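> As a plain string of letters, each chain reads:
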Amino acid sequence: MTWNDDARNHLESRLLQVRRGLGPDDGDPDEVVADCRRHVEAALLGINPVDVAAVDAAFARLGPVGGATPVPAPVTDPGTGEAPRGFLWWFLVVVLPALALGMGLLLDMVELIPSPLHALLIAMVPATGVLDALRPGGRLRPLRALRGMALGTSVYYAIALAPTFPIAVIGILAIGLGLLMLAPVGSAVVLLNTTLRDRSAPGIRPWTVLWAGFAVMVLAGFDARGVYTMAQLDEARDPAARPAVAARLAVWGDPGMVEDILEPSGRWRSGPVIRTGWSGTWGMGESDGPSQEVAAEVLFRMTGRIRQGSGRSVWWDELRGRQTVGPAIHGLRAQESRIDGSLDGDAGLAYLEWSWVFANDGSQAQEARCELVLPPEGAVSRLTLWVDGVPREAAVGSRAQTIAAYQQVAVREQRDPALVTTLGGDRVLLQVFPVPAKGTLRVRLGITAPMPLAPDRARARLLLPVVAHHNLESLAERQPVWLAAKGGVGPVGAIPAVDWRGEAPLGSSVLLEAGRSATVAAAWTPDERGAVVQTWRDPEPAPVTVVIEAGAALAPSADVLRRDLARSLPAARIQFIQDEPVTDGTPFRGGHDGSGAVATAVADAGSGGTVVWIHGPQPIGRRGQDLRMALDRAGGRLVEVAVAPGPVVALQATDGAGGTRSLRVAGDQVAAMIATLPGIGPVPVAERRRTAMPPDDAVRTSDHLVRLEALDRIRTLLAGMQPDRATAQALAQHHRLVTPVSGLVVLETRAQEIAQGLTPGDGAVPSIPEPETWALLAVALAALATFAWRQRRRTA
Amino acid sequence: MDDHLTAWTVQVRKGLLEVLVLNALRSAGEAYGYDLVRSLAGHPGGDLGEGTLYPLLSRLRLQGLVATRLVESDAGPARKYYRLTPAGEHTLDAMNDHLDTVLAGWKRLRARRS
Chain C
22 MTWNDDARNH LESRLLQVRR GLGPDDGDPD EVVADCRRHV EAALLGINPV DVAAVDAAFA
82 RLGPVGGATP VPAPVTDPGT GEAPRGFLWW FLVVVLPALA LGMGLLLDMV ELIPSPLHAL
142 LIAMVPATGV LDALRPGGRL RPLRALRGMA LGTSVYYAIA LAPTFPIAVI GILAIGLGLL
202 MLAPVGSAVV LLNTTLRDRS APGIRPWTVL WAGFAVMVLA GFDARGVYTM AQLDEARDPA
262 ARPAVAARLA VWGDPGMVED ILEPSGRWRS GPVIRTGWSG TWGMGESDGP SQEVAAEVLF
322 RMTGRIRQGS GRSVWWDELR GRQTVGPAIH GLRAQESRID GSLDGDAGLA YLEWSWVFAN
382 DGSQAQEARC ELVLPPEGAV SRLTLWVDGV PREAAVGSRA QTIAAYQQVA VREQRDPALV
442 TTLGGDRVLL QVFPVPAKGT LRVRLGITAP MPLAPDRARA RLLLPVVAHH NLESLAERQP
502 VWLAAKGGVG PVGAIPAVDW RGEAPLGSSV LLEAGRSATV AAAWTPDERG AVVQTWRDPE
562 PAPVTVVIEA GAALAPSADV LRRDLARSLP AARIQFIQDE PVTDGTPFRG GHDGSGAVAT
622 AVADAGSGGT VVWIHGPQPI GRRGQDLRMA LDRAGGRLVE VAVAPGPVVA LQATDGAGGT
682 RSLRVAGDQV AAMIATLPGI GPVPVAERRR TAMPPDDAVR TSDHLVRLEA LDRIRTLLAG
742 MQPDRATAQA LAQHHRLVTP VSGLVVLETR AQEIAQGLTP GDGAVPSIPE PETWALLAVA
802 LAALATFAWR QRRRTA
Chain B
3 MDDHLTAWTV QVRKGLLEVL VLNALRSAGE AYGYDLVRSL AGHPGGDLGE GTLYPLLSRL
63 RLQGLVATRL VESDAGPARK YYRLTPAGEH TLDAMNDHLD TVLAGWKRLR ARRS
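Chains as they are written, first to last, in our numbering: chain C, 22 to 817; chain B, 3 to 116.
It cannot be assumed that every hint is accurate.
Here are some of the chain B residues that sit facing chain C, going by a computed Cβ distance under 8 Å [as the list claims (entries may be wrong)]: (1) Gly35; (2) Pro46; (3) Tyr56; (4) Pro57; (5) Arg61; (6) Gly78; (7) Lys82; (8) Ala96.
Quick caveat, the hints were computed from the structure, so don't treat them as lab data.
Computed from a prediction, not measured in an experiment: that's the story for all the values here.
We put the CB at the ideal spot given by N, CA and C, even for glycine.
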């Protein structure tokens, strides 16, 4: 006897009708249905194939069953089952899950509803409840699929949240709250019970179980990556394990989840659910989760990116007053920035003023922090803060004094300070507070820098200062630059102008060239004891080791870098590193702590060698002290070249170690830029000395030359194994320079500065006239010239 | 009037069906559903289909008055045989006695009138 599908389904439908028609006096429904089935099957013996008509004929011979009269059965869903759809059904399958979903979304419980997929699956529970109760006709398969997924989702969440049930029960008994936490177990029990009671419809149970399994697999699959990520992060509590953990997570980890630990406000990117329940994140044990420090390092090692963020809302900035930039703060931005400068090409000397207006759109006063890369060998020699519209010059003091004074005023008293300190190499940190809520704050930095000469000595070069790292939500890509130079100035390849006005990127250095007379062999300026003279000597060949971080930040420019370095520094030894040295050909991926490998390279290079370290962000720097020791012992030079924004933490340990230079340039510009540095390219080496009388052929320049000579002496005093910090500090304070042993700080009043043991500012460093002033002067001169010309004509 | 008679007939039939089936079962000793249907077919009020019989037998089984056994068949589905249990025998005796008494009283009442 063979049955076609319709006939089999029809039989089941008719039997279901039989079951539904039985009354309380009609015995055991299961038995009666089984008897009817046997009867029908016996009646159909010899009929082949069995079709719907034959089934109906068999039922006709059976006659009315019990008190009911069978009617032609519609094609209804046998899967809707026979379990009652009473109060418990509506409450546990419809109302409670819907409430749980609503509350979860409303309260942003991303740990439990981490994705739209989770929300959809949870929504299937009440949706199934309603549809099942209303028993819509003609939708057999969709409904059994819905019920299966609803059951799977309920079971999964019940398992995931099982450890929280005791808390929920206690909560219900104690304060009447906690019922929602039991929602999944309630719906799971009811749906499971309903499914098990569908014995008259053999098709429903396998399908329900199949779809339930599907839902569980989907949820588990979604969570599995998160569980794996969390397990790996647990392992990463050991700093030594973090490189390996990051390598594993880079293959199958969830970077979005790690980011969520750092930026918990993110939606749809948290979880995993099972971990949330079993780790007891709800109610207890949250401290067991990975710390932000672990997550930040792992994320960096996975991606090569630092946690800059798109701006977070903070009520209290825990980094305020500290020497760390940190992530962007919501609403904080640079409204304006501009560089004005005066260049002396003949003397190879530049003085720049970098003006900033910080704005805060938030509702709390915030601290703006910017890590700046100065022109190589440059120093901050002036700091001005506008307090109530009035410019206040910075006081100078030891590094510790200025930091303490700033923290006292910024963090505790919340008044108006600004601070500039060094961060190693040519990097400095600018901190200003408060950028008032819905207000602005204006600050200006004065930068004194030498300009290395081109090999033909007919041009002096300047790398403009840039921002390496900041906590601003937005910063313009380019800023106006207005420079004046007697011999003309402009970007490389452009026509120079005496008064050059252009734009330059804020994030990567631009090389400018100022014209000079190639015959000028010396420059001088008077100082207290006579004169400071600067001369140039021809460079001596020195071994160069180029250390390239094989990380994600360098990946886009790796090929160009290899090619350009081979062309511009053919004698250089090129080495690739991650945390340790790696071979050429190692894929450029992730982020690394290169401090140890660079320390080794510096030690190997020895006293005459220069190590060029080309890297991406370096937020770890665990072996900064090793690098410091290598620099102090070997006495070599280190040039760190950042091709991406971010800090170089290891440099802070080397602050003051001799001969460390910094560049922040685009990846494809690296080779060209480093070739402009003395000691690497064929660049004349400047030498500054004090003397009683300047040479006759020397050109006179500004007193910034005195500061550069003082900087030379300070660097010498601080270098080596036995630095003379006291003398260096006195010298730095005397010349009002920001060095590893001194800082500039603006406090609100002179009295505050004196109380902090600082030397108040006296405006000794000459300022570049404001552009508005330039314009006024030009207008005034033009007016005077016109007036004089007319007078002469009248006289004539 | 016809409606009332129909309803009454159904009630009588419903009341008597149980005792008819039990008596048929006693006389057969052991029978399956179709046997019982056939054996009752000739008796007034005994015309019923398996659809009516199965729920009734199921209830009697639940009440412990009949017992069942399944006998596998090569030709088709298993056959289910029914027989009276001792309790069923006892109850059937009581039911028959009661029905005899009721019918005797009814006959007496009807004779008095005529």
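> Work down the list of hints and note, for each, if the structure agrees.
Results of checking the hints against the structure:
1. A cut of 8 Å between beta carbons decides the hint on B:Gly35: the least distance to chain C is about 7 Å, and the hint holds.
2. For B:Pro46, the suggested interface contact is broken, since its CB lies about 18 Å from the closest CB of chain C, more than 8 Å.
3. Hint on B:Tyr56 holds. Least Cβ distance to chain C is approximately 4 Å, under the 8 Å limit.
4. A distance limit of 8 Å between C-beta atoms decides the matter here; for B:Pro57 the minimum to chain C is near 4 Å, and the interface restraint holds.
5. For B:Arg61, the interface hint holds, the least distance from its beta-carbon to any beta-carbon of chain C being 4 Å, beneath 8 Å.
6. Annotation: B:Gly78 was flagged as interfacial toward chain C, and the flag holds, the nearest CB pair being 5 Å apart, inside 8 Å.
7. At a threshold of 8 Å, the smallest CB-CB gap from B:Lys82 to chain C is about 7 Å, leaving the interface hint in force.
8. Among the interface hints, the one on B:Ala96 is violated; its C-beta lies about 20 Å from the nearest C-beta in chain C, farther than the 8 Å criterion.
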